[in-house]
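Enquirer: In case you want the letters, here they are:
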Amino acid sequence: MSDKKKHKVFVNGAISPQFIADSIAKHSTKTSIGAHDIFLGQVRNDIINGKTVNSIEYSAYEEMAEEKFHEIREAAFVKYNLTCMHIYHSIGSVKAGEICLFVFVSSSHRKDAFDACRDIVERIKINVPIFGKEIFEDDSFVWKENTE
Amino acid sequence: MSDKKKHKVFVNGAISPQFIADSIAKHSTKTSIGAHDIFLGQVRNDIINGKTVNSIEYSAYEEMAEEKFHEIREAAFVKYNLTCMHIYHSIGSVKAGEICLFVFVSSSHRKDAFDACRDIVERIKINVPIFGKEIFEDDSFVWKENTE
Amino acid sequence: MTVNVIFFGALIDAAGTNKTEVKNVSDCDSLKSKILVDYPELNNYKFLIALHNQVVKDNLKLNEGDTVALLPPFAGG
Amino acid sequence: MTVNVIFFGALIDAAGTNKTEVKNVSDCDSLKSKILVDYPELNNYKFLIALHNQVVKDNLKLNEGDTVALLPPFAGG
Chain A
1 MSDKKKHKVF VNGAISPQFI ADSIAKHSTK TSIGAHDIFL GQVRNDIING KTVNSIEYSA
61 YEEMAEEKFH EIREAAFVKY NLTCMHIYHS IGSVKAGEIC LFVFVSSSHR KDAFDACRDI
121 VERIKINVPI FGKEIFEDDS FVWKENTE
Chain B
149 MSDKKKHKVF VNGAISPQFI ADSIAKHSTK TSIGAHDIFL GQVRNDIING KTVNSIEYSA
209 YEEMAEEKFH EIREAAFVKY NLTCMHIYHS IGSVKAGEIC LFVFVSSSHR KDAFDACRDI
269 VERIKINVPI FGKEIFEDDS FVWKENTE
Chain C
297 MTVNVIFFGA LIDAAGTNKT EVKNVSDCDS LKSKILVDYP ELNNYKFLIA LHNQVVKDNL
357 KLNEGDTVAL LPPFAGG
Chain D
374 MTVNVIFFGA LIDAAGTNKT EVKNVSDCDS LKSKILVDYP ELNNYKFLIA LHNQVVKDNL
434 KLNEGDTVAL LPPFAGG
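Here the protein sequences come in this chain order: A, B, C and D.
End of the first sequence sits at 148 in my numbering; the numbers just go up one at a time, nothing left out.
End of the second sequence sits at 296 in my numbering; the numbers just go up one at a time, nothing left out.
End of the third sequence sits at 373 in my numbering; the numbers just go up one at a time, nothing left out.
End of the fourth sequence sits at 450 in my numbering; the numbers just go up one at a time, nothing left out.
What the hints contain is simulated information worked out from the structure, not anything from laboratory work.
Even for Gly, the Cβ is constructed at its ideal location relative to N, Cα and C.
Among these hints, one or two may not hold up.
[To be verified] Listed below are several chain A residues computed to face chain B (Cβ distance under 7 Å; list not exhaustive):
(1) 18
(2) 24
(3) 34
Bound conformation, chain A alone:
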């Protein structure tokens, strides 16, 4: 297995804007990059049956999830001409308005970054065993299901 496998995807709680800034800053030495596409998933305060979502509690089958992230990553490097790629996903509690997914794709030209980023996000939604409990203000909850 390649070194890429060791990249840790899961982070505890929300992904901070500062973490994103630090990731961006690290790419200034990679001067063959011309385009970055960054996707951020943010927890919505959806209203479900009259109750407002306060937070999502994420859990995962972590071993399988890390393998799926690895497969998604390797497939993207084969399919697109990328300089680098980073994926981070929250585990545990993320409040509405906070960021739970950070996909960061960099390439020389914009087409690869755009195509790859979108493809990666779609594959994460479909293939990675992550589960989300949408918790309402009154501490009741429903289990979230990706549909979009």
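Starting from the structure of chain A, add chains B, C and D where the hints point.
Expert: What follows is chains B, C and D alone, placed relative to chain A:
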């Protein structure tokens, strides 16, 4: 003319990762947002006729450029279901590895953010009168031309 | 022969546990039937079965010590 | 009648100035012809003409005091 017209697109020199982080952080109060797509253009150290690009010096027909940015912005709000959108472009000198374009699109669902962000970037490349002098290590230069 | 079964998300609530062991099942279909008898509440839930980190579509044979995961709908992103 | 002409990017280098005035031109085509006579180096450059912040495709009429911009290829992003 709407208030949106007053949004200033041009920033002097490179766009800093911290500026991007601050922009992201401001969106945590907009809890109907579920997806952000961010495009960053970064100056490449392309090699042209054996010489390496050190920086790009951007200039613009600013009055027309601001109007074109406004048109692009309004068209995107009509075409896509967006919560908000921000566009920043550098003017003046930006070194290789630094960021010269920051397009930030937010929506409830990811499809709108992805579609709009890409559309906006393509329109900026084609329609906005911005000019770029690629300056080499020895201070000679060539004028850049969008082709991708 | 014993197979380990692990539950995730809503299925933990439904089963009342996050893992169990199932004896004397030789393939995924028979495992699934047995689980639905032991935890009848799971009949009300959608789930996939995963073995060796891959979702199982065919009726794969099971071996001693295999771990089978029951996965409710994904919600990543 | 006087029309203002402004140059950008590579065209400033080529014309040796960033602006000029052109007299006795009534439309964009005649303006363009006159500019290419006054600044023959511009014949070696690609450019578009813009009036009132819009790229001009047809041969629009010009009015006293109009500002016409000569725009080399764009490089934004």
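Enquirer: Next step is simple, just say for each hint if it's right about the structure.
Expert: Status of the hints after comparison with the structure:
| no. | hint | in the structure |
| --- | --- | --- |
| 1 | 18 | 6 Å, holds |
| 2 | 24 | 4 Å, holds |
| 3 | 34 | 5 Å, holds |
Of the hints listed earlier, there is not a single one the structure fails to meet.
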